[in-house]
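Colleague: Could you build all of it, start to finish, from the sequences and the hints given here?
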Amino acid sequence: MLLRELPRASRGATAAVAACVVALPALRTIQALMTGLLFAAIPGAVEDGFDSDAGRSLVLRLALFGTAYVLGQLAAGLDDPLRGILARRVDERARERVLRAVAAAPGIAHLEDPALLDLVERARKAGPGGESPGGAADGLAQLTVRYLTVATGTVIVASFRWWLPILLVPVLLLAGRTMRRHINVTVETTMTMTRDLRRARYLSDLAMTPAAAKELRLFGLGSWLRDRFLTTHRAAIEPVWRARAASRRRLVLPELARGVVAFVAYGVLVDAAVHGEISVGRFGFLFSAIQMVWGLSSMTNADVAYSFGIRALPAIPELEAALEQTRLPGTRAAGVMPVEAVRFEGVSFRYPGSENAILDGLDLELRAGESLAVVGSNGAGKTTLVKLLARFYDPTAGRVTVDGVDLRELDASSWQCRVAAIFQDFTHYELSVAENVGLGAPALLDDRDALREAARRAGALELIEALPDGWDTVLSRRVAGGVELSGGEWQRIALARALLAVDAGAGILVLDEPTANLDARAETQLYDRFLELTAGVTTVVISHRFSTVRRADRIVVLRHGRVVESGSHDELLALGGRYARMFQLQAARFDREVSSA
Amino acid sequence: MRDRMRALWTVTRLAFRADRAAAIAATLLSLVSGVFGTLSTVAFARAVQAVVAGDPQAGLGAVIALVVLGRLSFTASMVMLDLRFRLVELVGELVESELIDAMTGFTGLELHERPVHLDRLEVLRKQVGNLSNSIGALMHNVSLWTGLASTVGVLVSVHPLLLVLPIAGIPALVVTARGTTRFEQALDDSSEQLRRADHLYLLATAAGPGKELRTFGLGREVVARHARFLREGYDAVSRVQLRWGALAGVAWATQGLAQIGAIAFAAMLAIDGRASVGDVVLVATLVGALEGHLQELLGMVTWLFNTLRAAERYAAVVDAATTASDELPLEPAPVPAALQRGIELDGVSFRYPDTESETLRDVSLLLPAGATVAVVGENGAGKSTLVKLLGRFYEPTSGVIRVDGVDLRRFDAAAWRGRLSGAFQDHARFELIAREVVGVGDLERIDDEPSVVVALGRAGCGELPERLEDGLGTRLGRSFDDGIEPSGGQWQQLALGRALLRDQPLLLLLDEPTSALDPDAEHALFEGYAAAAREAARTSGAITLLVSHRFSTVRMADLIVVMEDGKVSQVGSHDELMAAGGLYAELFTMQARAYR
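So the sequence lines, in the order shown, correspond to chains C and W.
Each residue of the first sequence is one higher than the one before, starting from 1 at the first, in the working numbering.
Each residue of the second sequence is one higher than the one before, starting from 1 at the first, in the working numbering.
Derived from the structure by calculation, the hints contain no laboratory data.
Each residue gets a CB set at the ideal place from its N, CA and C atoms; glycine is no exception.
A portion of the hints provided could be inaccurate.
As the list claims (entries may be wrong) - Between beta-carbon pairs, the in silico distance windows are:
1. C:Asp271 to W:Ala236: 24 to 32 Å
2. C:Gly353 to W:Gly292: 51 to 59 Å
3. W:Asp565 to C:Glu121: 31 to 39 Å
4. W:Asp354 to C:Glu345: 51 to 59 Å
5. W:Gly473 to C:Ser223: 50 to 58 Å
6. W:Ala337 to C:Gly353: 44 to 52 Å
7. W:Asp565 to C:Glu465: 34 to 42 Å
8. W:Ala224 to C:Asp447: 12 to 20 Å
Modeller: What follows is the structure, encoded as structure tokens:
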């Protein structure tokens, strides 16, 4: 599978590395041959001087030896960077395949599934040292050089004594395997321990990321965290030590066997040479050849890079297959839906692997062009409702229809593009402001006027134009010249993004807690414009803030996964139910001033 | 160079501290195993001599020596490998634990908010592998250099002039080392692109951003950008690597000419009768061995170099953390058991490091003992900064904060924090057992379930454990496959529970702790918490400082502080401020309109 990946990743780099892979063993063999010939010429030259036939032969052989040597060095010098280039190309392609597969899956259940996320991570780097598919390619090239060298050596040795390879190869293979197994114990155990190791890693992450810095100090958690890290890490690593000790004992016998065959091989060779059966030159050549065969039981970083990295590769098709399974049915294009309404009909929903029904027989109508506010306490199912509306999930029971068509009949991606949504956990792109807004509609990315208009309506224009590089300012402190925005500022940028998507033609605007981080003035400005923003746009807004909610055409109250009240603000107040109670609870706290204002 | 030597020292010490016995054993073995290689070469030369001389006895001896030396060398290398694995694991553990200590050891937050430091830390953590393998790199270098030294020793024993041979290798080593530097430099230069690619990769494969990518139809765009950033970053690196690889090849090839010269020289010596045939064979063989050593050095220099760079980064991170915690307290003072007068800010100004403008400007303010003080103002007015100064996450640039008349800086930071508690809008999501998520608020009671239940009750979410599958024993957080992910509001409730676990803090800092909560939950919080706060205020003069945008909550405070542009613009009770008719009255009325 890796072999097929290589030319797809880069034809040029693969060809160049392949050339090195062939050249290096060839040059090595030539060098061995020349070494032997050199040895053979030395006694004669020493006897007769440089000015004899033997002397001239030494000089010639020296020159040939030198040429092979120089070429070998040049190839070695290029081999390393070429393998590096190939490795990076393979990594690029692996990562791209993962991203393509992940992006093509319309749902998000897979992104919340740890097993799948594990595959995503593994496709990028499989080993503890970050060994990647590219590392496997690099390792493979080195291993091929090794085994080609071994094969050449074996042929040469067989030409001397046909039975010698029969003795050498199995023993060396066995010894090599035991040794690689021994090393894999560490590799393997480290990998199966990932959960415990990850837990340890999480604990040290906590200390080093700014997110928890304040509380770690406030609660004095530093040394507790370190001790906890140490015990967790020890618990993870001690089984590795035990397994390694057990495997070490299995190394002894193959090693003794290797000593015996080494003795036989060199013994036979020296014996033949001492008794004049072979020349000194051939002796040197054969000696090098035996050493070439010896590579069969060697172990280098290439083995580690290959054996770890190669595990990353199956993760990709595995991921692609798993994601193929998550493909949601439906092929119809969403066009300009909804023109009439989106309806939830007896919708129930449970998250995969969970027994709690988040939505439980929910009925709801969202009419085209109307704004709908969804209220309810934490955990009532508000965000889940939106996830189903955007078809990140299909309902466990019941159905969602748009203009009478079951959402399951629509092509999921096509429908999702109809929905412009800003969620509570909206994305902070470490890109320019222009891109942070523009990514609401990639088609309008370069249309500055459109961006400006969306930003203006979101109340973000002033803040954007005050940035050091204006629209080109990168919103990340980790990038040179970049700036970090406050929570409220980010929220306005995100809102502008959603509004741009609406301008570009999205049919439904979803705002999940759009004012959570805004101060009183910004919040007021936003809801004062709420009617302007949502005029004619089918809108769903989730909010705890009645200032926003009451502006909606219709309000539904969610409780235990069902709609318990529905109506306009005034209707719900008159109803005197849950909504009225929540509203009055808040209002009571402002009451005195409201009546006197 | 001095930095490099210091880094080398740091790295060596790390291994010895992690496991002294293993480090000593590994070092001794690597010294010995280098010599094995050279002795094998000598044994081979003896074998050639025996062949030339036709001496079976000498031949047998040489073969035995060859086999024994080869096996010894291999056994040593296997033992070394195991020792190295162990040291990698233990040094990695040690480095991580020291980094934890370093990054939690300094008082303020400054380093956590300094991008240069965070960058360095991030790169370093990716290289912990390098660092923990440092002893391996060192040992391998040691065995390589002992091998090299013994080979050179044998060469010089033939003729001193052969010392030229290894010296001729120096230019090649220099080119290699420079190539490595340039390569690292190129990696550094590309790190921004690569980091951006990583950022996009993580975005595209995470659930939260995944929602947006889908509704905005960004899949293709993100894939394309990721590919572009990655290609740009990698291509720059590849160009440098290829150029210097070629140069290194040329340098090593040139050096090879010296080796050919050495063999010719040895032959000349033999012709002149100043050396034996065996010596010429020995030199010709050692040339090959020398090539092997130098070839390996190619890789080893790089390896050691990476290790040293990681070590330098490590030293820099630890140094920065040590410097950050270096503070000269004024005359130390004990933290009072109870507050009498309160906390006073006297002309306090503050500017964040590396910024131009002051976030707080000449703030003077008394937080009276026993009071609940609300701080309001628009985004960027300096509210959170005020909270950070009170928690001693930063020291004022000028002015003084006094606690019952005592300069805050005279307290031991840990002792002061022992009497604080707090919850923040950007609270930490500790992915631990639910009980511990709250329990870390007071480590002594981390496993004290009844106390945790009480704290959650105070936070107005006593029913939270029932909603979790295994109650307080539920593992929270999706980083691990057996954890469940609470909602944003639930995380916030847990953070509040954590803040309210401590019974008698002198100062409770609440910086927009309820932004993700619904009004019901917020109401329950203030009901549940009010009783505890009143009790604390009575017995220890405890102060609660609350930052909020919700005026319905703010108005309940005893004292309201209005901040504008880094300054305190108004102070008073709700009624006073409404009567005064400034920013407070304006913002309050604005929000109240929603309930008209």
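Colleague: Evaluate each hint against the coordinates.
Modeller: A quick look at each hint next to the structure:
1. C:Asp271 to W:Ala236: 24 to 32 Å: violated, 58 Å
2. C:Gly353 to W:Gly292: 51 to 59 Å: Taking Cβ atoms as reference, Gly353 (chain C) and Gly292 (chain W) lie about 56 Å apart, which means the hint holds.
3. W:Asp565 to C:Glu121: 31 to 39 Å: violated, 46 Å
4. W:Asp354 to C:Glu345: 51 to 59 Å: Given range 51 to 59 Å: holds, Cβ gap about 57 Å.
5. W:Gly473 to C:Ser223: 50 to 58 Å: Violated - the Cβ-Cβ distance for Gly473 (chain W) and Ser223 (chain C), about 25 Å, lies outside 50 to 58 Å.
6. W:Ala337 to C:Gly353: 44 to 52 Å: Distance hint for Ala337 (chain W), Gly353 (chain C) holds at roughly 51 Å.
7. W:Asp565 to C:Glu465: 34 to 42 Å: Once the Cβ atoms are compared, 20 Å apart, the range 34 to 42 Å for Glu465 (chain C) and Asp565 (chain W) is violated.
8. W:Ala224 to C:Asp447: 12 to 20 Å: With Cβ atoms ~19 Å apart, the hint holds.
When held up to the earlier numbered hints, the structure conflicts with 1, 3, 5, 7 and fits the remainder.
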